[in-house]
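Asks: These are the residues of each chain, in order.
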Amino acid sequence: MRFQFSLIAIGLEVTMIILFGVFVEYETDQITGTQSLSTHVNGSLDLYPLFQDIHVMIFAGFGFVMTFLKKYGFSSVGINLLIAALGLQWGTLVQGYLYSNGEKTRVGIRNMINADFSAATVLISFGAVLGKTSPVQMLIMTIIEIAVFAGNEYAVGARLLASDVGASMTIHAFGAYFGLAVAGVLYRPTLRKRHPNEESVYHSDIFAMIGTLFLWIFWPSFNSALADPGVNQHRAMVNTYFSLAACVVSVFAFSSLLEPGNRLNMVHIQNATLAGGVAVGACADMVVHPYFSMLIGSIAGIVSVLGFKYLTPLFTTKLRIHDTCGVHNLHGLPGVIGGLASILAIAVGETDRHSMDRQAAALFTSIATAIGGGLITGLILRIPVWGQPADQDCYDDAVYWKVPQRTEHDYHFQEYGGHSHQEIEI
Amino acid sequence: MRFQFSLIAIGLEVTMIILFGVFVEYETDQITGTQSLSTHVNGSLDLYPLFQDIHVMIFAGFGFVMTFLKKYGFSSVGINLLIAALGLQWGTLVQGYLYSNGEKTRVGIRNMINADFSAATVLISFGAVLGKTSPVQMLIMTIIEIAVFAGNEYAVGARLLASDVGASMTIHAFGAYFGLAVAGVLYRPTLRKRHPNEESVYHSDIFAMIGTLFLWIFWPSFNSALADPGVNQHRAMVNTYFSLAACVVSVFAFSSLLEPGNRLNMVHIQNATLAGGVAVGACADMVVHPYFSMLIGSIAGIVSVLGFKYLTPLFTTKLRIHDTCGVHNLHGLPGVIGGLASILAIAVGETDRHSMDRQAAALFTSIATAIGGGLITGLILRIPVWGQPADQDCYDDAVYWKVPQRTEHDYHFQEYGGHSHQEIEI
Amino acid sequence: MRFQFSLIAIGLEVTMIILFGVFVEYETDQITGTQSLSTHVNGSLDLYPLFQDIHVMIFAGFGFVMTFLKKYGFSSVGINLLIAALGLQWGTLVQGYLYSNGEKTRVGIRNMINADFSAATVLISFGAVLGKTSPVQMLIMTIIEIAVFAGNEYAVGARLLASDVGASMTIHAFGAYFGLAVAGVLYRPTLRKRHPNEESVYHSDIFAMIGTLFLWIFWPSFNSALADPGVNQHRAMVNTYFSLAACVVSVFAFSSLLEPGNRLNMVHIQNATLAGGVAVGACADMVVHPYFSMLIGSIAGIVSVLGFKYLTPLFTTKLRIHDTCGVHNLHGLPGVIGGLASILAIAVGETDRHSMDRQAAALFTSIATAIGGGLITGLILRIPVWGQPADQDCYDDAVYWKVPQRTEHDYHFQEYGGHSHQEIEI
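Residue numbers (the working numbering), protein chains in the order written: chain A, 1 to 426; chain B, 1 to 426; chain C, 1 to 426.
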């Protein structure tokens with residue numbers, strides 16, 4: 001099936017356009033009365049800077065943070081773009097359907113934020129299977145996962161009425177456990193031994209830091225965009241800012257503590273420094289006090305480093321789950337910590353808006369739905385027709401991309417007058 | 001003329017400062033009455049986040065998207081900065097003059113957006129001649145092109161009263177055809193055969209994705225910044241968002257469809273994914289329905305991929321126009337599609353604000369003015385005194401830049417304990 | 001002391017969390033009355049897009065602009081993150097204490113901007129000692145410098161009532177002279193001869209441009225965020241925008257003028273192009289007219305290029321101060337120019353809000369405090385227990401980081417079918 005990818009992608013895009021034609025209108029068409037329209041549009045436009053921050057996170061942040069693999073940069077940043085672009089269209093439709101009460105979906109800035117969030121969920125799962133799947137498999141996973149995600153998000157948010165403003169549970173824990181379930185089903189014994197391509201080179205690790213930093217910088221927008229405007233939104237920004245700062249210092253401390261020779265490890269800096277943003281998400285808009293956010297951030301960062309050091313190897317060898325980017329350490333565990341922290345915050349707090357039971361149910365539901373959905377998705381992806389890459393093709397752009405023929409080395413060697421090899425080697 | 005570049009640059013900057021001293025004041029000085037001043041300033045400050053998004057596109061987006069050439073990264077990102085910095089000053093003056101009715105130009109955030117737009121036009125043309133011109137030639141082209149651009153934009157916007165909120169015609173089509181005309185006049189038969197430097201290496205293609213992604217992410221701001229505040233602005237954001245998403249999926253599908261071995265091609269991903277933003281520009285603020293935006297985006301993306309695959313080689317060999325970055329495929333054709341789409345949208349729409357005739361006239365005027373201006377500019381640039389690089393110096397930073405003497409290879413080889421060449425080669 | 005770094009970092013973070021628990025509350029808790037709370041929160045949220053722009057500058061801008069060294073990219077972008085994350089917590093506490101009149105500190109978006117500014121000051125000083133200090137030394141410098149910075153900023157802003165909206169004096173000149181004083185105390189005769197690692201490679205210079213561009217793009221936000229809302233803020237944006245544009249053209253002109261073969265020098269483009277933002281800072285919100293901003297920007301850019309060309313070598317050999325990134329040329333001299341420009345602007349202006357004496361006192365106080373604080377800090381950092389890297393370890397990530405074992409060359413050579421070495425060499 002040479003044209004399988006093209007035909008499926010075209011088919012999906014045509015379907016999206018038709019469904020948008022039938023079900024989607026502008027938010028601004030619906031409202032009558034100049035006064036209320038103006039108020040509404042201004043409220044929507046107030047969200048636009050936050051939307052743009054999140055948009056950077058989804059497309060540049062997630063895209064570059066996965067470029068650490070030495071031979072898989074094109075796929076990391078390219079397939080990330082494909083998944084997110086498809087996912088946001090599909091997310092708009094599915095979420096719109098669930099919240100529309102049978103009417104047309106009216107899209108505005110808020111829908112665009114939610115659509116980007118749908119895409120984020122798939123991108124987290126993508127991290128678990130990065131380099132081991134084909135583009136076709138990713139298209140299929142995007143469609144299935146977003147449907148399940150939207151259903152779970154609706155159940156948790158609109159039915160259980162749980163509080164998860166920064167989506168610790170519904171995006172981060174969900175995306176991680178969904179991805180791990182898929183990775184478990186797709187496991188092959190050859191993954192037990194580290195693949196020679198599953199490594200970074202010096203500059204690929206620096207490319208990944210572009211992603212890390214833009215995720216880190218804009219995380220306060222991620223956690224506050226959907227909070228109630230005003231005080232709650234303000235509090236979500238402040239809590240996330242300080243949680244992330246505390247997380248960074250703790251991650252550096254523990255990375256050096258645990259590595260041989262007390263060296264810092266770029267894997268930790270690229271990933272675990274973000275755990276504070278994940279973990280503070282569920283209680284970001286609550287009155288938890290800044291010091292408590294910092295405590296959550298520090299604990300999440302430390303747990304994340306420990307996860308990369310001890311859990312990920314164990315997962316690969318014992319649980320037979322190979323997690324390429326370590327999404328369990330960055331999104332899974334910190335997401336669970338976030339859910340637990342929100343329960344604790346409600347337990348000690350004065351708020352009666354929230355309920356411990358609902359939070360616990362939300363955490364349990366999200367993880368259970370994710371694992372169930374991921375297992376089924378994994379089985380579907382194992383159908384041989386999708387063309388999963390063979391073991392020797394793992395983490396290699398050359399399988400799906402046209403790659404440059406002349407090498408960087410040739411270029412440097414010939415052109416900029418470097419010492420010849422003879423000089424170096426003798 | 002060893003100091004030609006320095007002396008021309010200094011002369012231009014001194015001229016700019018003198019002209020600003022004579023003709024330019026703050027917008028905020030002009031208005032009297034506290035109430036109206038406050039209203040005006042707040043309206044202006046509301047535009048500031050959109051301005052900053054566009055500012056990122058001009059300086060980081062355009063700068064990095066051109067770094068794909070293996071030996072021309074310094075010039076791509078550096079000369080981009082020079083052109084844009086000079087262009088925005090000159091654009092402020094020329095556009096200010098045209099709209100000022102003989103009074104002083106009062107600069108505010110809106111002028112800064114327009115000035116960045118002037119710069120964008122030259123940067124698009126820069127893509128057509130990238131690597132084949134000297135910095136002095138670029139200074140001259142910047143001055144001439146922005147004067148012609150501002151005149152055309154004034155004719156189309158203030159005289160014809162055509163609608164082109166995202167500047168599909170006045171910036172994208174104009175910049176592309178201007179650049180192609182210049183490239184045609186500067187054509188040399190040696191360009192027919194692919195220059196050995198006209199290639200990417202693995203990491204230069206990833207650098208280019210930084211530019212692509214920041215252009216892609218912030219395009220909704222580009223298309224909405226100058227729309228009427230409120231509903232129209234809101235609609236321009238929504239339409240651009242969905243047009244770009246649909247464009248990405250279509251581009252991936254057709255890139256794989258057309259390439260040997262069904263491989264994805266980074267040139268398409270870096271460029272054609274943006275065509276949806278260009279093409280939806282002219283009708284972004286109209287009530288075209290989201291599905292229609294997605295249709296425009298998909299068609300523009302597909303046409304752009306086809307252009308890279310079939311038209312660009314034809315241009316080089318038959319039309320004797322060598323278009324380094326393929327701006328015809330990214331800005332030219334999608335800009336024309338944008339103009340046509342706006343005519344269609346008006347034809348089927350209920351709006352009486354717009355007129356099909358005006359749109360058609362705007363499209364024709366923009367392209368004709370661009371080609372005429374480009375041909376004259378090309379002839380001026382061919383005057384031998386500007387020092388155009390010889391064929392063997394094409395696409396090579398070392399001609400105009402101090403480049404590092406030690407090579408990356410030497411560094412990696414010696415320092416990080418790689419296997420010796422002997423081991424590899426035997 | 002193998003675990004020294006980890007233990008100190010953990011100790012500092014625990015201290016921060018405890019101090020936040022005792023001294024810091026949300027801004028939004030304090031205000032009573034729905035009307036005034038709503039007004040206040042909205043004012044605070046208006047600052048959020050400016051905060052995010054500055055946040056990008058601190059973490060991505062400063063981080064990447066220092067990645068130019070070929071073997072020190074992990075440390076540049078990593079230790080930058082560590083310093084800034086620690087510094088913003090400590091800055092919140094110290095600045096909060098100084099302005100709180102003995103009450104608790106109430107944190108909001110404005111505090112977050114000020115905290116990021118504290119961090120920026122240390123990052124500037126970090127540039128002077130980059131590659132020659134240990135992570136532990138950086139933690140200590142962060143704690144001391146921010147305390148001194150906050151004291152000086154309070155003296156200049158709240159006591160002297162000087163005007164320095166973009167912090168030319170209190171951040172840029174302060175950070176630069178503090179760093180130079182530290183570098184002077186840490187000087188070793190071996191630094192006189194250029195260290196073999198103190199060089200860039202082709203791609204590390206392009207990574208650095210990511211930092212340069214994001215600093216350049218968002219500088220108008222840096223200079224306007226703390227201006228009086230409305231007209232003054234607006235003016236600060238406009239002045240900075242044009243100052244930076246003029247600076248770029250002048251820097252390109254003088255870089256080519258002074259370099260052998262009239263080649264452009266990436267060191268100048270990466271750094272001196274930003275001098276216009278530094279120098280216009282002190283008078284950015286004053287009615288200085290746009291042409292005057294452009295004049296300041298041009299002069300600062302030219303002085304900065306001259307500094308890199310002539311002063312930095314002189315500093316290393318004669319003054320025994322080795323300034324790795326040339327912060328004296330980017331922040332020191334332009335900061336002084338900014339202070340002098342503000343005095344001149346007041347001298348010729350009509351404003352009676354400002355006073356020349358206060359500005360002169362602010363400039364003198366900032367530099368004197370910085371040098372004094374830097375000398376003491378340098379002496380503390382020389383205590384041998386902190387483990388300063390030996391000469392042969394300078395500018396080398398491998399000392400403190402786990403670095404990839406396989407090299408980029410091996411990868412390119414083997415995988416992408418480059419010509420074999422035999423073919424090239426024979």
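Honestly, I wouldn't trust all of these hints.
For chains that are exact copies, the list does not tell them apart, and a pair is met inside one copy or across any two.
[To be verified] Result set (BS3-like, lysine-lysine): computed pairs, CA atoms no more than 30 Å apart in a straight line:
{"hint": "1", "residue 1": "Lys402", "residue 2": "Lys309"}
{"hint": "2", "residue 1": "Lys193", "residue 2": "Lys402"}
{"hint": "3", "residue 1": "Lys318", "residue 2": "Lys193"}
{"hint": "4", "residue 1": "Lys193", "residue 2": "Lys104"}
{"hint": "5", "residue 1": "Lys318", "residue 2": "Lys104"}
To be clear, the hints were calculated from the coordinates, so they are not data collected in a lab.
Asks: Since the copies are identical, ignore which copy is meant and state whether Lys193 and Lys402 lie within 30 Å (CA to CA) inside a copy, between copies, both or neither.
Replies: Both: 28 Å inside a copy, 21 Å across copies.
Asks: For the identical chains here, do Lys318 and Lys193 meet the 30 Å Cα criterion within one copy, between copies, both, or neither?
Replies: Within one copy, since 12 Å is at most 30 Å while 54 Å is not.
Asks: Between Lys193 and Lys104, at a C-alpha cutoff of 30 Å, which is it: within one copy, between copies, both, or neither?
Replies: The answer is neither: 51 Å in one copy and 55 Å across copies each exceed 30 Å.
Asks: Are the CA atoms of Lys402 and Lys309 at most 30 Å apart within a copy, between copies, both, or neither?
Replies: Result: close only across copies, 14 Å inter versus 35 Å intra.
Asks: Between Lys318 and Lys104, at a C-alpha cutoff of 30 Å, which is it: within one copy, between copies, both, or neither?
Replies: neither (49 Å within a copy, 51 Å between copies)
Violation of the numbered hints given earlier is confined to hints 4 and 5; the remaining hints are satisfied by the structure.
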